[in-house]
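Given the structure of chain A, go ahead and fit chains B and C onto it with the hints provided.
Residue numbers (the numbering used here), protein chains in the order written: chain A, 1 to 251; chain B, 1 to 314; chain C, 1 to 423.
Be careful, since some hints might not be right.
To be verified - Capping the alpha-carbon separation at 27 Å, the derived lysine-lysine pairs in DSS-like fashion look like this:
id: 1; chain 1: A; residue 1: 57; chain 2: A; residue 2: 10
id: 2; chain 1: A; residue 1: 122; chain 2: A; residue 2: 141
id: 3; chain 1: C; residue 1: 328; chain 2: A; residue 2: 118
id: 4; chain 1: C; residue 1: 195; chain 2: A; residue 2: 113
id: 5; chain 1: A; residue 1: 141; chain 2: C; residue 2: 328
id: 6; chain 1: A; residue 1: 10; chain 2: A; residue 2: 64
id: 7; chain 1: C; residue 1: 195; chain 2: A; residue 2: 141
Honestly, the hints are just simulated from the structure, not real lab data.
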Amino acid sequence: MTTRNALQLKGVTKNFGRAEIIRGVDLDVHEHERHVIIGPNGAGKSTLFNLISGRLKVSDGSIKLFDNAIHNLPAHKVNRMGLSRSFQVTNLFQNMTVMQNLRCSLLWSEGHKYAFWKSVTKQDAVTERAAELMERLNLTKQANTPASLLTYAEQRALEIGCTVASGAQVILLDEPTAGMSRTEANDAIHLIQRMTGENTLVVVEHDLSVVFELADRISVLVYGEIIATGTPEEIRNNAAVQEAYLGTEVH
Amino acid sequence: MLETIAYSIFNGVLYGTLLFMMSSGLTLIFGMMGVLNFAHASFYMLGAYFAYTLGLGTGFWVALFLAPIAVGAFGALVERYGLRRVHQFGHVPELLFTFGLAYVIEELVALFWGTVPVPYKAPPALDTTAFSMFGLNYSVFKVFILVVAVAMFVGLWFLLKKTRAGLIIQGALSRPDMVGALGHNVPRVFMLVFAFGCALAGLGGVVGGIHFVTDPGMAFMMGPIVFVVVVLGGLGSVPGALIASLIIGILQTFFLSINFSLAGAFGALGIEDSGFFGVLWHMETTRIAPVLPFLLLVLTLIFRPRGLLGKREA
Amino acid sequence: MATPSVAGRTNLLKLWPWVVIPLAALVLPFIFTSGHAINLLSHMGVAIIFALSYNMLLGNTGLLSFGHAVYYGLGAYVAMHVLRAINDAGGQGLPVELLPLVGALAGLGFGILFGTFSVRRAGVVFAMITLGLGALVFSSSQMFTDFFGGEAGLFGNRAEAPSLFGIDYASSLAVYYLVVAWALIAAILIYLLRKTPLGWMANAVRDNPERAQFVGYDPTIVRFIQFSLSACFAGLAGGLYVITDEIVNAEVVGQIQSGAVLLGTYIGGIGYFIGPIVGASIVTVLESSLSSYTEAWVLYFGLLFITIVMFAPMGIVGVIHTQYLNWKAGGWKGNTGIRLYLIVTGLIGIFGAICVIELSYHYFRSWDPSAPFVLMGVTVDATTVLPWLACFAIAIIGFGLMLFHGRPMLSRHTGATSRGGNA
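Looking at chain A on its own, in the form it has when it is part of the complex (with noise of 0.2 Å):
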């Protein structure tokens, strides 16, 4: 059985003024893959990222999500469509509670929209849902604190929370560990592959050692362009790799 694309860049150049940030990407994500993305810094991930989550305009070339085009799409459309991020700092609804924060990410997906007839804490399938993330996110006992006043751990943790609760099938995933001790980032891996069970990953990171743990397979962003994509062991291996990014130490 073949796995299908959950998502397909080809061709996809993104120019501000007179300077290529994004010069021509080509990549095939499998539906259900661990897919990490890894690059020398100004390669231009993170604004790979926004061309595909819709934050930002392609100049040239075509992005599918299960085969519906999604370039070019406002945020909110592509989101629908199946495509949620997290992003490099922490973006939440400050000042909302973890569960105010859970449950306002669940509303569109559960059907509610812009409805203004109905009161949102009665929503019991709304609750619930919400109530449940927060278990698996062990955030339970900070239901009713604000965003701002969680830890930084604990923020990246209901970040996480509200990308999966979009309901989106394809979550992408931008540095989820940065800034983080290796203990903090071994759990918030944990984390990721706890709630993510089911969905397509596509992450940013620049620790080795999570990348190596988390990847089925890795692609490698320089100059804004992929110049390898294969398994763990295939990008270990590659010649062009390891000189470009890798350096010749390698475990």
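Frame of chain A; chains B and C shown alone:
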């Protein structure tokens, strides 16, 4: 017909240059700090009043020099002790602060100088006729206004493009965060730019107060139009402000002097002078004139928020 | 009341304002019985609805509008035209009680119409669009004199119209209770709106529009719906205004009206449901009474506004709330005396400042500044030095003690850092 056109063009250009003098400072401030300074026209007003009062003692020419400086100094104080404090609360409180400030300044001006317009007149040296066109005399002062405006424009252009200070300001106009990262004392730069912008407005007031009436209501009268100029021209763009000022100046003057209506041009066509479209069909341009700048503002914000020459969107 | 409750069951005690305020509203006309007072109370009710509608935009959705009076005024104008039609038909037609609904519908209609292009962007651009639109509508009142009634405006007669309950609305007391009824309805609806998915997402869009997108919401649509609903309630207030005052002119869509609702809402506190209620009440009372006591009332308004923006951006309700929480947490133990000292010196300073301002206004404005002038019960000659010296001294001493003596003392006692920052 030709007279009306020539007259309209000249007066329109005059009005436009005055608008430019009032708005050049605001576009700088707005472009750099993102602060919609509601009180900007108040500084224009202060320039007029300071020049009038100073001029009573020192004569026009000294006042021309000193009044903008005084206004700039006041602007620095406002930034340092008012705006800067409020800045930490966000953009909305900043806006609201300047909003309240405009009211307070107007009240204080009305208190100290009275609610009646003050007799702020052109100095005798400039009050003579420079030339006449189609039977109307144009005083030297009107030419002087143009001279000051051109000087302001050239001076600003020179400052922004050719000096180091100008480079910093230009940088801060597009990337304020970068300028801070480069080690410049951004709060001080802000204060100086704010003061400078206010001084420009003050200079506009020195001249505009003579051309128009100098009374406490002048700020609220000119204020909204100045915003239109800044938005239409593009935030932070001095040439944009000039072009927008001229467009609005000429357009509004034309609308006021040439009495044109669609009905007048194409005939009533059986359309009654009632109901929404009927009224518009019969509407003379003189009655549309006051509405025109705001129409332009709304249209610009909808279709091209960047303005004519702006680099950053509002 | 600040944020939606979590457990889904509201703590009944927290709802005390919903009992106290309506009770007060019912009882007040028996305490302040003059016709003037009752009219004032009616105006307060209208202002409260208007301010509540405004806070749907500012507090709930983060949209700062400088032209909200457009919907208030246009709602009023449409309601006025309907009232006049009823009058012309000999008092037949829509009952007076339902006239505010006309205003509401008009507000909603214009809100939808103008909202389509107003809300595409937020922040400063939105503020400017509302400013421009407000100025546009106001100056177009000179163009469409049939609709706006020209300089004099339009009149109507609320007594010459049918009533659902057979009430004669010539009586200002009857009008007052009608206003109270509508205010209660509006307040309940606006309050409930905050608890709906739309209300929650409006807060979300206010706090983080990007995040809202990534949970599936289009911020523009959220803003658009909130905007339209807010305009609807503003129009409702406008319709009530037609009943209370029976006259409308272009001022009702003007800059001053827009500024007043902004002022009132902000002074009360935009982060609290009750904030606009408090703020609008205060502004209405001050506007009406202050102008009869002093010429300087506009200046006082401006200064009050600036003070709140600079030192109490969470508004009066915010200040009370934070101080209350502080007190509950024991922060007042051992320094209540100092706090009282601060308040007293602050009041002295304010008193001195008021004296200076009043003296100034007398000096600069009156025909004969040297004529005896009664300042706070003391007769003075404004052209002599002594009164000036005294007033300045009081102000300087009061504020000086507060800022340089009292505040550091409080900081030392509580170990708290001083407020505000010097960049």
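Quick rundown of the hints versus the structure:
1. A:57 <-> A:10: holds, 14 Å
2. A:122 <-> A:141: holds, 21 Å
3. C:328 <-> A:118: violated, 35 Å
4. C:195 <-> A:113: Holds: residue 195 of chain C and residue 113 of chain A sit about 14 Å apart, inside 27 Å.
5. A:141 <-> C:328: Holds - the C-alpha atoms of residue 328 of chain C and residue 141 of chain A are around 24 Å apart, at most 27 Å.
6. A:10 <-> A:64: At roughly 9 Å apart (the allowed maximum being 27 Å), residue 64 of chain A and residue 10 of chain A satisfy the hint.
7. C:195 <-> A:141: holds, 24 Å
Checked against the numbered hints above, the structure violates only hint 3.
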